[in-house]
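Engineer: Take a look at the letters that make up each chain.
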Amino acid sequence: SQTIHQWPATLVQPVGSPLSLECTVEGTSNPNLYWYRQAAGRGLQLLFYSVGIGQISSEVPQNLSASRPQDRQFILSSKKLLLSDSGFYLCAWSVLNEKLFFGSGTQLSVL
Amino acid sequence: QQQVKQSPQSLIVQKGGISIINCAYENTAFDYFPWYQQFPGKGPALLIAIRPDVSEKKEGRFTISFNKSAKQFSLHIMDSQPGDSATYFCAASSSGGYQKVTFGTGTKLQVIP
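Top line first, the protein sequences correspond to chains A and B.
In terms of my numbering, the first sequence is residues 3 to 113.
In terms of my numbering, the second sequence is residues 51 to 163.
Don't read these hints as lab results, they were simulated from the structure.
Careful, some of the hints might be misleading.
[Claimed, not checked] Just some of the chain A residues that point at chain B, by a computed CB distance under 8 Å: (1) W9; (2) A42; (3) L46; (4) L48; (5) I55; (6) L92; (7) V97; (8) E100; (9) K101; (10) F104; (11) G105; (12) S106; (13) G107.
Predicted model, so just to flag it, every value in this text is computed and none were measured.
Beta carbons: idealized from backbone N, C-alpha and C, even for Gly.
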């Protein structure tokens with residue numbers, strides 16, 4: 003069966019520090035991969051999506067970046083965090099453009 | 051044209067009552083309409099989904115009603131329970147090449163005893 007791993011679960015980082023969030027998927031090949039951000043009590047904002055290794059599309063201009071070094075690995079990064087980067091970050095995968103399977107999320111607090 | 055409009059933003063229902071959440075879309079290319087349920091601190095999970103070739107789909111206490119001509123779909127939760135208290139998101143997507151999934155803004159449901 004397919005599983006998605008996302009870590010860490012919580013993260014507190016100072017403003018200006020770097021960020022690296024990792025997501026891996028097991029049990030499927032060539033999935034579409036996504037990074038979403040959710041502000042407290044708000045909806046889901048798509049940040050990046052990838053349809054294959056090295057193929058990244060950005061939805062929202064910001065100081066975040068994403069990379070997909072392997073078929074089932076998706077990384078969200080920042081060189082210098084801003085206060086506005088705080089939120090709940092969710093990784094997700096799909097095979098077709100239909101059912102999305104979300105990870106358990108990372109609660110990021112930038113102080 | 052990519053938007054999915056969801057209402058209400060929040061909903062309070064008595065235990066045993068019916069919870070109804072509505073969504074409307076504009077893009078006629080959408081052909082898959084899922085609903086996701088999210089508990090606090092967790093990722094959303096697929097609850098139920100429908101394709102436009104049927105007008106209704108039922109899974110247990112959860113039913114999707116779909117009106118293709120009106121471009122609307124809704125989630126009905128029958129016999130609502132306190133354990134159903136969560137945020138619900140509708141979504142829409144289209145097949146045939148990559149198209150991003152478009153989410154509604156979410157409805158926070160509270161079922162009170």
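Engineer: Hint compliance check: list the failing hint numbers for this structure, sorted ascending.
Structural biologist: Hints 1, 2, 5 and 7 contradicted; others consistent.
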